[in-house]
Every structure is written in C-alpha cells, then in structure tokens.
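Engineer: Work out the full structure, taking the sequences as your base and the hints as a guide.
Top to bottom, those sequences are chains A and B.
The first sequence runs 1 to 385 under full-length UniProt numbering.
The second sequence runs 1 to 161 under full-length UniProt numbering.
It is worth saying that the hints were derived from the structure and are not from the lab.
No experiment lies behind these values; they were computed from the predicted model shown.
Certain hints may be false.
[Stated by the list, open to error] If you anchor each label on the Cβ, the simulated ranges turn out as follows:
no., chain 1, residue 1, chain 2, residue 2, range
1, B, 28, A, 57, 50 to 60 Å
2, B, 51, A, 159, 54 to 64 Å
3, A, 76, B, 141, 36 to 46 Å
4, A, 327, B, 49, 45 to 55 Å
5, A, 19, B, 149, 28 to 38 Å
6, B, 127, A, 240, 36 to 46 Å
7, A, 54, B, 148, 51 to 61 Å
8, B, 41, A, 327, 29 to 39 Å
9, A, 57, B, 135, 45 to 55 Å
10, B, 51, A, 54, 54 to 64 Å
11, A, 240, B, 80, 48 to 58 Å
12, A, 19, B, 154, 20 to 30 Å
[What the hints assert, rightly or not] Some but not every residue of chain B turned toward chain A, in silico, with C-beta under 8 Å:
no., residue
13, 7
14, 23
15, 127
16, 154
17, 156
18, 158
19, 159
20, 160
The beta-carbon is built from N, C-alpha and C at its ideal position, and this holds for glycine as well.
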Amino acid sequence: MTFELSDRVQTVPPSGIRRFFEIAEERDDVISLGVGEPDFATPWAARDAAITSLEQGKTSYTANRGRRDLREAIADYVADRFDLGYDPDEEIIVTAGASEAVDLAFRSFVDPGDTVAIAQPSYISYEPGVIFAGGEVLPVPTDEEDDFRLTVEGLEEAGADEADMLVLCYPNNPTGAIMPAEDLEPIAEFAREHDLTVLSDEIYAELTYDGEHTSIASFEGMRERTIVFNGFSKAHAMTGLRLGYALGPADAIAAMNKIHQYTMLSAPTTAQYAALEALDSCENDVREMVAQYDRRRQFVLSRFREIGMDVFEAKGAFYCFPEVPEGFTAEEFAEEVLREQGVAVVPGDVFGAGGDGHLRISYATGLEDLREALARIEAFVDDHA
Amino acid sequence: MSEREVLELLRENARYSTADIARMTDLEEDEVEAAIEELEATGVVRGYQAVVDWDKLEDERVRAEVELNVRLDRETGYDDISQRLARFPQVKALRLVSGDYDFDMEVEGDSIREVSQFISEKVAPVPEITQTVTHYVMTSYKENGIEFGDGEDDERLSFSP
Ligand SMILES: Cc1ncc(COP(=O)(O)O)c(C=O)c1O
Chain A
1 MTFELSDRVQ TVPPSGIRRF FEIAEERDDV ISLGVGEPDF ATPWAARDAA ITSLEQGKTS
61 YTANRGRRDL REAIADYVAD RFDLGYDPDE EIIVTAGASE AVDLAFRSFV DPGDTVAIAQ
121 PSYISYEPGV IFAGGEVLPV PTDEEDDFRL TVEGLEEAGA DEADMLVLCY PNNPTGAIMP
181 AEDLEPIAEF AREHDLTVLS DEIYAELTYD GEHTSIASFE GMRERTIVFN GFSKAHAMTG
241 LRLGYALGPA DAIAAMNKIH QYTMLSAPTT AQYAALEALD SCENDVREMV AQYDRRRQFV
301 LSRFREIGMD VFEAKGAFYC FPEVPEGFTA EEFAEEVLRE QGVAVVPGDV FGAGGDGHLR
361 ISYATGLEDL REALARIEAF VDDHA
Chain B
1 MSEREVLELL RENARYSTAD IARMTDLEED EVEAAIEELE ATGVVRGYQA VVDWDKLEDE
61 RVRAEVELNV RLDRETGYDD ISQRLARFPQ VKALRLVSGD YDFDMEVEGD SIREVSQFIS
121 EKVAPVPEIT QTVTHYVMTS YKENGIEFGD GEDDERLSFS P
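Structural biologist: As structure tokens, then:
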C-alpha cells in the first residue's frame, strides 16, 4: 500500500538545499559556509548544569509551560536586555526550540484561508509552517536598496494590509539585516492600523553588532498583538539541546500551550536546566562569542569587497549575503563553487522573494577556515572572470 | 581600545597578517602596524613563539615543573634569586607564586638526565634555595590556551537552516 499524502504535505516542496548536500557528501575537503548554527560548544557552565541534573536523576516531564524558575529567569532576561515585560506564569511558554514555538503560533492563530505575510528573504521554515497550518503565504519582498529592511511601501505593494498576520525575522536569517527602532516604528503603526497579528522571531537578538536590538513588541499597542520568539540555539550555542520560548499575551500563550501540551507535553528537561544556568551565569561566554562573530563578520565583509563581489553590510546574526557575480544564477554559483572549490554556500533563492542573485554565507566557522574558504571563492571568481 | 583588540588577536594567533587584523578590527593597515609597534615598544608584547605539541614530534623533549623554596636574607631578595635562575637557557619560565612554595620554574631539556643534572648541579646548589621539588611533564593537554585534543572535526551538517 502507499500512503495517501495530505494536500498540505504535498504542497510543500522538498528543501532547496538537499541537492547540494549530495554533492558535498562526495568530497572530503569541503569547507562549509552553509551552516546556520554556532561552531562553539555550549558554554561549559550550562553543559555542567545539564550533566548535574542528569546525575541527580532529573529526568521527568516538567510543567507544560516549562519550569517555573526558568520562566522567571527568561522574564528577567528579556526585561533586562530588551525592555520587554512578561509574566512568567501566563505569558511565557518554553518549547523544544524556537521552531516549535513558531509552529505552535501558526497552528494556534491561522485558520484555513488566512493570509500570512512573510517579510522575505527569510528563514526557510515559516512558509511550510503556514501551509501545514492551512494558511496562505503572502511574500513581502525586501530588497538590498533598503538594506533588506521591511518598509511600509513594501508592505503596501505586496498587499499586506489585507493580511491577517505578519512574520518578521530581525536580525535576519539569511541577510543579516536588522531593523533599528526608527524603522520598526512605522511597521508597528501599519500593523495596528490594519489589525495584523505579528510573529516576531528574535532568536538572533543578542547577535546585533551595531547598536541595540529593539523588539517590535516594545512599541505602544504592539504587545497585545505580538508573539515574540527567542531561544538558546544561537546566542548560547545550544542548537542540539532544543530549547526556545515564546512571549505573548496570556490568552495567546494559553492557546499555544494547548497544542504544546498534547504534542510535546514539555520541552526537554535536561535542556531546561542548561538554559537556566545559561541565563544565570553565561553572560560572559555569550559576550565573547559575539565578539568573535563580529571579528569574523568584518573579516568576511572586507574580503568580499576585495574579491569584488558586492556585499550587503550585515549587522546581525552570523550571515552575510553577497551578490553573485554576473553570468551566474545563485544556484549555479553555489553548485559550481562547491564542485570546483569545495566551498559550500547556500543560494539565496531558497529564502524566498528577493533572495535570488545572492548567496548566504555563514561565518559561524573558525577564522582559519573562513580565510581558506574566501581564498577559494576568490580563485573561483578569478577563474570565471 | 583598538590596541587591546589587536593584542587579543595576536594572542589568538600571532601569525595573523596585518591585513587580516585590519579586516577584523575595521582599522586601517597602518593603524594596525602602529598599534603593534606600540605594543612591542612599550614591552607589552615581549615576543612571538610557536605553541608546540612535543608529543607529536619524534625527538624527545623533556619538560619539568619545579617548585622552589628559598630563604631570603638581608642582602638577597626574590629579584636577586630570580636573576640568577632566569639566565639559564634551560629555564623557560620562572614565576614567583603564592602558596606552599616560592618560585614556579619550567625547565626544558633533551633528556631526563639532562634536566635532572641541571637541577641538581645548577639550581639546588644556589645557597638561598632550601628545597626543590621536580615534576616531570608526562602529557600536555593544553598550552597557551590552545587545546591539543584531536577530536576537532566539524561534525555539523554541511548545510543547515
Ligand atoms: C530565524 C530562525 N528562527 C528559528 C531557528 C530555529 O531555532 P531553534 O533551534 O530554536 O529551533 C533558526 C535556525 O536556523 C533561525 O535561523
């Protein structure tokens, strides 16, 4: 017998980077700039807390919403860092990665036929998430001329005033763009005016290199219509521990918790202990990692300029987004540079509207490797000039 | 502040080129050069050396950590004793430390015999030295902040979201 796949599953195409995987597998000298996760290990204190919790046999489920002490620590942290006030009892839910939180939000707030506007290029999971929830995606392209920031004109042009929901991701994966407060203000106004629910994925908030991160939820009248996502994967280098969280008004979080309690029950317990310690005592580790990313960022940006590839001045996350030289599509460039030089990069197309003609370069890789990878890219560009 | 940043990068890898350091710090190359000159001139940077994992080399290299206790008198201070010891090329590091002993000395030689002889013939006879305790290094796991473990392969997938 064969399974009859649901329309929802069938609608979503396979991931655009699978083909590259296969090529990368063929050789053993590949330097990957295709990785969207830290190359650092989780700070030792957090790992130690996880180990200790295991030694003490703390291996049962926790409260559905996550341990109370962790939710309190998260509330303190977001208040302190991003000026966000959330009640640990009712307005915070701890999830298995920010990914789960994003999925919960789509399933909690999207009805079949609802339109979800997504500022693009952006993280690849939002679109499938909307489709799995039965909604329809409205791409809102951003472009390089606006530094890949979302603008009200962009929203209007795409017809987002008619949408039900808006998804934001700043600092952005894949462009590294950020939205400073003055750019967010008109977006907030637009959302209020057109009654949009806002899902704001701020998982890269700590990785902001020029100025402070501002959350759209901190604007007047936005808290009640926004869900903020964050987590420990990026800034705390905890991808494999799978821990994230969402912040929002009590009724919205209660709805998300309803799905969460039937599908996940609770986020990984060991990871919750690690996360608590990460918030408690790993601030310096985070600061040191951010300093390293910043150095690499400057290194990579400056090398692309030397190579003669136009590159957008990324100010957040750990990606930069150079333009593909003339004569190539992004796909072609990515495939050929992988075959000829063994450097893995991701073509911008996979991130949606506005990503074509670009490459996502991750600098979550040691400097020695970055240096070698950029030398190879330079050789490739010279060969094809 | 930029000098501090340059210093950090040199400590990470003294072989970064000035151009690389300039890229990483967003300084001009000549500013980086000036900062390095300044660091060297003021004696903040005392030299540049390779961090060596001797276990990887065929040649034997013997290293020892030596604890030294001294008795000072009116004429002789720590500085006098340190000067006497530091001039020996076998002494790679010498530090005055707090705790159960006074000096912490790193000694290197081609054989255990050579290192032992050096300690018994050159160090122990120094009149102010009352006791030496020698610890031969058996394996080094980390030197100058660099770990010598081999499991450094990047096990991450070559592509991830
Ligand atoms: C924007 C964005 N959100 C969420 C995630 C996933 O985070 P988590 O590991 O917490 O599920 C990623 C991972 O690449 C991401 O780039």
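Engineer: For a quick check of understanding: which of the numbered hints are violated here, in increasing order?
Structural biologist: 6, 7, 8, 9, 10, 13, 15
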